[in-house]
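Asker: One letter stands for each residue in the lines below.
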Amino acid sequence: MSGPIHLDRRSFLQAALAGSAGLALGLSALSCRESEPSEPALGPQRIPAPPEYGDWRDVYRERWQWDKVVRSSHWVNCWYQAHCAWNVYVKDGLVWREEQSADYPQIRPDVPDFNPRGCQKGACFSERMYDPARIRHPLKRAGERGSGKWKRISWEQALSEIAESMVTTIDEEGSDRIIWDQGPGISMGAQTAGNARLSVLLDSTSLDMNTEIGDGHRGVGETFGKILFERSADDYFFSDMIVCWGSNPYYTQIPNAHFLTEARYNGAQIVCITPDFNASSVHADLWVPVKPGGDAALGLAICQVLIEEDMIDREFIAEQTDLPFLVREDTGLFLRDSDLHEGGDEDELYFHDAQRGAVKAPRRTLELGDLRPELEADTEITLHDGKRVRVRTVFSRLKDLIAAYTPEEASSLCGTPPPMIRELAQRFGRAKAACMVTSSNFGKAYHGNLTERTQALVYALTGNYGKKGSGFVGFPFLTHDGIEKFILESFAFPIRTVISAMGKFEETRLRLAGFTDEMILYEQSRNAFAMGMRTSGALFWYIHGGLIEASEKLQEWDPYLDRPIKEVLEESLEKNWQYIWPKPGNDPRVMFSLVSNPLRRIRGYPLILEHLWPKLRTMVTIDWRMTSTGLWSDYVLPAAAWYERTEHKWVTPLMPFIHAGEKATSFEEAKSDWEIMSRLAEAVDKEAAARGIKSFKDRTGNERPLEGLYDAFSSGGEYGHGDDDKVAGALIERASNLEGVEWEELKKKGWARFTSLGNTIGSIGTAADITPDDTITPLTHHVNDKQPYPTLSRRIQFYLDQELYVEMGEQLPVHKEPPTAGGDYPLILTGGHTRWSIHSAWRDDKLMLQLQRGEPAMWMSVEDAEPRGISDGDRAKVFNDLDSFEILVKVAPAVRPGEVIIYHAWDNFQFKDQKGFQNLIASPLNPVELAGGQFHLRPMDISMQPSHTDRDTRVDVALA
Amino acid sequence: MTKSDRQLAMVLDLNKCIGCHTCSIACKRLWTRDEGMEYMWWNTVNTQPGRGTPRDWQEMGGGFRDGQALPGKLPTRGEFGDAWKFNHEEVFYGGKGEKAHLKPQGKDPHWGPNWDEDQGGGEYPNAYYFYLPRICNHCTHPACLEACPRKAIEKRQQDGIVVINEDRCRGYRFCMEACPYKKIYFNHAEKVSQKCIFCFPRIEQGVANACARQCPGRVRFVGYRDDQAAPIYKLVDKWKVALPLHPDYGTEPNVFYVPPIAPPSFDENGDLDPSKPRIPDEYLVSLFGPEVLEVLEVLKAEMAKKREGAESELMDLLIAYKWKEMFGGFDRDPATIEWTGS
Amino acid sequence: MKARYVAGAQLELLLDPDAALWSSAGSEHLKLEGTPLGMQPTDAIRSSWADKKIGAVAGVDVEALHDGRHLAFRLEWSDPTENRAVDDNDRFADAAAIALPSQEGSPLVTMGAPGLAVNAWYWRADDEDPGREVVSEGLGTTRTLDPPTVKCRGSWRAGRWRVVIARELRVESAEPVAQLTPGEATGFGIAIWDGGSSERAGLKAVSGFQWEILEIGAAKKGGEQA
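Those protein sequences? They're chains A, B and C, same order as listed. Each residue of the first sequence is one higher than the one before, starting from 13 at the first, in our numbering. Each residue of the second sequence is one higher than the one before, starting from -10 at the first, in our numbering. Each residue of the third sequence is one higher than the one before, starting from 59 at the first, in our numbering.
Okay, chain A solo, but in the shape it has when bound (with noise of 0.2 Å):
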């Protein structure tokens, strides 16, 4: 094998990125209970069934009785939900209900368990997985795409019809034509392991969905170099001041949600910023309102009444961020030292100490010794080039900048009202621990990277990080660290001991430059992106799907560009600032939608049909329901629910225990994805073999073998196709953070407390101590032991030189105006997650349709329904430059002028003519998001990639 392979043991880590005659029956006896609670009982109690002829009240007796119980949970990324421990209950060989198990231990005695978790979604998968939306066997499509025209076909046809397309795309164009969407199915346990298996060895394309789907949290990763930390939801409990700012955990965080209502009792302030009075605010002790799109406004006005009033903790600032730093003032660019001395390095940057002038910052660690940066410094310093400049820090810029953001002037841009940002600021500068609920929100707005920094600067200014209770945050993420390593053993020995010892040099060198264990990750993270072993989701669809057309008026909408996105694009892929897979101009020729549904998600989707759709020879979707991008599939191919498979999956901090659970019961025809995968790898091991391919031409140029594809695909024959319970005790054996917790017992227990973040990209974020009997607060390892933070300063870092944002005039975070994304209309459509599904799984479920009104509904405020004449109950036209949708309105007074609001995942298929609001939503391209090649700012594992947006969508409203 010649040539470097630059894989390595993250770089598969796979996209995130989720009854006078009852007394006869002798039963007053039991009912009548003692006050004191009962022990806990030791092991099942034998209960007579009530007799099969009794009377009534043996009728609904006889209801409530099973026939075993098995632990299981729901495999899907119901995100900062996830995950909670249910017993599903079987009667008949069918599922028959479930019930939370509700035995998590209590952390802290002083404060409230974690019991008992579940959601009205969870509590209804036993009617979901057996409603009508169920794919029960193949399906090959008999008619046009999109027709609902099917053919009912074996395993044996869908899997080789498609293995034969995958080989002649392999052996005719390459391998990297296959492409992987895995979306909200991913599970980190036996369903990826499959997929990852399969598509590494193949050398195809898995996209990383998540800036696609908007959870990029771009601001989080230009200001801490990662996206990925958050607290476990019992912290909540020792914040003085919990901020939902963007975000509704009422509707989204419904099992941690107790914590919130719970800590308000315990003296705890609820401060809830948004534009209409949502559910979260309902329980709130402040409700600010605020303009969508004016977010950074308020958080800039907020700073300048902070550092106006001194409140600000100004050890705190000098030492965990960047705002110290000089930057020269004739280039705007950070003072670096290659700028003071010939060939010094240029990531090196400087602060100025009291004593000492100019000195270089320390980068293996924040411990300041006797150092002291000053706040504020003006000053002139000679270049190696003999050249004088004056240099000032990031603050003292930073105050120049808010003096234009006072409450009062910054108020007609945020809409909130000069004395509620004053109280805001106020209450921010005396909280002792304020900490902020997090919220995706803004990654899918536009200028949602502007927010995000702000926000973080808020926080920033005044301390709040790293004490209990604490902190903005980012994107929560918690996951074993066994998968790289199960999916590096499928490889052949030799090239296996090359890849690891390629790692562990590369890991070396890194470390000797004083690279973090999570830098140490990122990295590698980045090299796979730059080699094309990971993808971004969003810049495939861009580029490949033809979204980027929908940007073709960005210029008009975006009043601060200056030239054509497109041609910002180009020069982001020519100088390696981003990078796309396949090639463009390679088209993409057999794609593979696992438990995803693109059609449904993707901005501007029917561009996608358009441009992408016709490319595609073969489009495979596997799920185990219909949905739209199943309908425009040309095979559907019926996957295990989640009661029907053994497994385990990730989890995030809020919820800091890996679930697990056993398959309970099986369907028709579907198959767990590990089996799928499988049979699809041995499939085309079989049509190669059939066809004598030996061997494929790789992205870099390297033969690797399609013989023996499933032998090395199942290591062996050591995890055969029905091996689920295998291969997910074989991840947990590989995991260095489960210490002590055995597969045979987790998969029957449903949990285990994580013991620490693990060395893994998704988790080592968090940068704390996991311990079993405290709540997580993240960054502790920043703020209290002094590690730098993954970015260029090594600090929080609020000054951004890197030459797009400097010529997009975003170095530090100001507000922008939103674009007028889909024309100059006057209404702003505005979303979030519902409270009735995780995506769209459960969006067309008939239980959680009832409970609303039966289709998708748009909230409507009274000031903007009784001019067009508009009542509760209406279907309304909603229309901008792209195209128009109907919709049934509600007309609720506590919607803000201005807004209307559309929760999401709304499947296409719900909407008279198919057509929903994703057709009118552009998704324009932020050009900022372009930007790369500087430390932080590469794209790596779900985050630094361009994303897809659209909070900023305008539109008009008639009744229809």
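Rather than coming from a laboratory, the hints here were simulated on the basis of the structure. Note that beta-carbon positions come from the ideal geometry of N, C-alpha and C, so glycine has one too. Honestly, I wouldn't trust all of these hints.
Straight-line alpha carbon distances no greater than 30 Å define the calculated DSSO-like cross-link-like pairs of lysine-lysine that follow [claimed, not checked]:
#1 B/Lys62 / C/Lys111
#2 B/Lys227 / A/Lys760
#3 B/Lys289 / A/Lys103
#4 B/Lys294 / B/Lys227
#5 B/Lys96 / A/Lys303
#6 A/Lys480 / B/Lys289
#7 A/Lys889 / B/Lys96
#8 B/Lys74 / A/Lys152
#9 B/Lys229 / B/Lys(-8)
#10 A/Lys161 / B/Lys85
#11 A/Lys889 / B/Lys85
#12 A/Lys479 / B/Lys311
Anything over 10 Å on all C-beta distances counts as not near chain B; from chain C, calculated [what the hints assert, rightly or not]:
#13 Lys60
#14 Arg62
#15 Leu71
#16 Glu86
#17 Gly92
#18 Thr100
#19 Ala108
#20 Pro138
#21 Thr168
#22 Glu195
#23 Arg228
#24 Ser231
#25 Ser256
For this one, chain A is given, so just place chains B and C on it according to the hints.
Answerer: Only chains B and C this time, still in chain A's reference frame:
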């Protein structure tokens, strides 16, 4: 008045209810799955202010005034919100492409069990709402029991649970007219009236009601009213912060509510206006009676104590650090039960 | 009133309200009156019906036949609406019943008394056949007998119901049901519930508090042919 030896009760903390409906689904997936029960939601959660389930139930009469039974209306299925049928097969397999889309079949629905979710009352930016879960109140003076000419409704001696004897019931539905809370449903397949049974099969085995045990918000306390060691007594009789809904209906319900506290409202300048509570006092009084105002003061005072770092038994009770202790002894895990053959 | 004997009549024919063997010449018109408000057993019912008329059906034409084995009553009355389906909560089915004393002295007004049962044969428009047979020993004590022995057929046309309710003259039962003999007389009463007026339970139109008399014709040979 029907006196039972002991009385089971429930307290719902409206400062914790987030409107997720896990309680409604827990009940539905347990008891109301059979034919004739499709439209039944023995547990409902409504956004208040709102027209509720059934629509405008508070104007449907029933109950008592000055000891006299009042006439009441029979809510129709449409007023409860009938169970909609959907056309999944047509959309997925009907071969109609984009011409078919998923929607409730038949006439467009005009009401549902959660129709006016999250709309609320007031005027922006002083809009307000909260969530009100309701089950049968298992009243001490049940209007339903007293209305039935066949004495087909009984109040259990041992625990005060009010049940409809479905063998005796003839489906006359006088109970439905009489109940002022409109918590009784008619089953057209079985031709009997049906309602919340307080999960008596679970209670009998020491397991708390499904709606209570499955609530992720930890909203509900369960227990005997006379059990002084458990939260119910302390909230209802000691601290008196848990009030019945519509005490004016005269039925003496045994389900109680801790009233909700909303964030402050704004004046015309955008300043906080502490003089005007976001949820108008009159609205809460209309639901819970005049005592509710005093209860709010008690809650706020105890919350203030905690804010200042002092102790508060009431706040600790409502926080309920240990989830199991919310259920007055009915804390057995149902999964530990193994049914032996009948 | 006489229950004429019809030799050899098939039950199916008897059950057909439009069969030729039923002739209006043999029918008697009975006036019906609503049950008194004061007799409604609960305060809730009394309160709800204080201002409403109880007993929407003012009168009924009755005829009775027997074939030596089955006794059949044919009832005909005016009803502007056909209420067959109980398809919403506020819908009630039209219904009718024949009450018979199970023994001497059973009081009609209280639907029997302890030890003095009244036996009733019910027809309900939403669940016709078999009908329901009950015994009652006082108000609110009705219990339904199993297996069902009563047969019914009903037909509504142009504002009139025509209903036949039949049962064997004698049945095997441990319950105190009416056991009838050709050649002997029995009391009877009629109740009609107008579903369209939400009538059910004790809200009905009845033939009176005293038994009407029915003479069951002797099963002579050479009697009327079917």
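Asker: Look at each hint and say if it fits the structure.
Answerer: Right, here's what the structure says about each hint:
1. Pair hint B/Lys62 plus C/Lys111 holds up; C-alpha atoms about 17 Å apart against a cutoff of 30 Å.
2. Of the pairs offered as hints, the one joining B/Lys227 and A/Lys760 is violated, with about 43 Å between alpha carbons and a cut-off of 30 Å exceeded.
3. This hinted pair does not check out: B/Lys289 and A/Lys103 have alpha carbons roughly 48 Å apart, beyond 30 Å.
4. A hinted pair counts as satisfied when its Cα atoms are at most 30 Å apart, and B/Lys294 with B/Lys227 qualifies at roughly 19 Å.
5. Between B/Lys96 and A/Lys303 the CA atoms are separated by roughly 38 Å; this puts the pair beyond 30 Å, and the hint is violated.
6. Pair hint A/Lys480 plus B/Lys289 holds up; C-alpha atoms about 25 Å apart against a cutoff of 30 Å.
7. A hinted pair counts as satisfied when its Cα atoms are at most 30 Å apart, and A/Lys889 with B/Lys96 qualifies at roughly 21 Å.
8. Our distance criterion of 30 Å between C-alpha atoms is met by B/Lys74 and A/Lys152, whose separation comes to about 27 Å.
9. The hinted pair formed by B/Lys229 and B/Lys(-8) meets the criterion: a straight-line CA distance of about 22 Å does not exceed 30 Å.
10. For the proposed pair A/Lys161 and B/Lys85, the alpha carbon gap of about 8 Å is at most 30 Å, so the pair holds.
11. Straight-line distance between C-alpha atoms of A/Lys889 and B/Lys85 comes to about 23 Å, which keeps the hinted pair within the 30 Å bound.
12. For the proposed pair A/Lys479 and B/Lys311, the alpha carbon gap of about 25 Å is at most 30 Å, so the pair holds.
13. Taking the minimum C-beta to C-beta distance to chain B, about 33 Å, the non-interface status of C/Lys60 holds against the 10 Å cut.
14. Every CB of chain B is more than 10 Å from the CB of C/Arg62 (nearest about 34 Å), matching its label as outside the interface.
15. The Cβ of C/Leu71 lies farther than 10 Å from every Cβ of chain B, with a closest approach of about 30 Å, so its non-interface assignment holds.
16. The beta carbon of C/Glu86 sits about 30 Å from the closest Cβ of chain B, which is more than 10 Å, so the claim that it is off the interface holds.
17. In this structure C/Gly92 is separated from chain B by more than 10 Å, as the shortest Cβ-Cβ distance comes to about 15 Å.
18. Under the 10 Å C-beta cut-off, the non-interface status given to C/Thr100 relative to chain B is violated; the minimum distance is some 5 Å.
19. Taking the minimum C-beta to C-beta distance to chain B, about 8 Å, the non-interface status of C/Ala108 is violated against the 10 Å cut.
20. With a least CB separation of 21 Å from chain B, C/Pro138 remains clear of the 10 Å interface cut-off, as annotated.
21. In this structure C/Thr168 is separated from chain B by more than 10 Å, as the shortest Cβ-Cβ distance comes to about 13 Å.
22. The beta carbon of C/Glu195 is kept farther than 10 Å from every beta carbon of chain B, the shortest such distance being approximately 14 Å.
23. Consistency note on C/Arg228: stated as away from chain B, and its beta-carbon is indeed over 10 Å from all of that chain's, at 27 Å minimum.
24. Residue placement check: C/Ser231 keeps its beta carbon more than 10 Å from all beta carbons of chain B (closest about 20 Å).
25. The claim that C/Ser256 is not at the interface with chain B is violated, since a C-beta of that chain comes within 10 Å of its own (minimum 8 Å).
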